[in-house]
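Asks: When we follow the numbering used here, the leftmost residue of the sequence shown carries the number 1, and every step to the right adds one.
Bear in mind the hints are in silico, worked out from the structure with no lab data behind them. Just so you know, these numbers come straight off a predicted model, no measurement behind them. Wrong hints could be hidden among the right ones.
Claimed, not checked - Using 35 Å as the maximum straight-line C-alpha spacing, the simulated DSBU-like pairs for lysine-lysine come out as follows:
#1 Lys22 with Lys38
#2 Lys71 with Lys31
#3 Lys71 with Lys84
#4 Lys30 with Lys12
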Amino acid sequence: MLTLNLDDEAEKYLIEILSREKTTSQDLVKKLLRNHWKNLEPSQTILERMGGYPEHLLEGTGNLSDRDTRKQKISEYLQQRQKKRYE
1 MLTLNLDDEA EKYLIEILSR EKTTSQDLVK KLLRNHWKNL EPSQTILERM GGYPEHLLEG
61 TGNLSDRDTR KQKISEYLQQ RQKKRYE
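Please model the complete structure; the sequences and the hints are all you need to start from.
Replies: As structure tokens, then:
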């Protein structure tokens with residue numbers, strides 16, 4: 001059990017929130033603490049929310065940062081795809 005002394009302003013806010021939320025002071029404090037706790041935890045990156053790195057896309061060989069290498073890999077892929085279509 002926790003006892004808390006509020007000043008007049010805080011008590012006025014509490015009464016207003018309780019009347020609008022239609023909840024008890026205990027439930028309101030739990031909700032506020034839970035929300036504050038969640039904000040303290042570091043948020044996940046988009047990549048983490050999506051389940052991590054797409055490993056199947058990272059299996060490239062060679063330096064794919066190099067334009068000529070990318071161009072060659074794309075060309076090979078398109079040729080293989082074209083070849084499969086006409087077989």
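Asks: Would you mind marking each hint as holding or not holding in the structure?
Replies: For each hint, the structure was consulted:
Distance check on the hinted pair: lysine 22 and lysine 38 sit about 23 Å apart at the alpha-carbon level, within 35 Å; holds. Restraint check for lysine 71 and lysine 31: the C-alpha separation of about 55 Å exceeds 35 Å, so the hint is violated. Distance hint between lysine 71 and lysine 84 is fulfilled; the C-alpha atoms sit about 20 Å from each other, no more than 35 Å. A C-alpha spacing of about 19 Å is found between lysine 30 and lysine 12, which places the hinted pair at or below 35 Å, so the restraint holds.
Violated hints amount to a single one, hint 2; each of the other numbered hints is respected by the structure.
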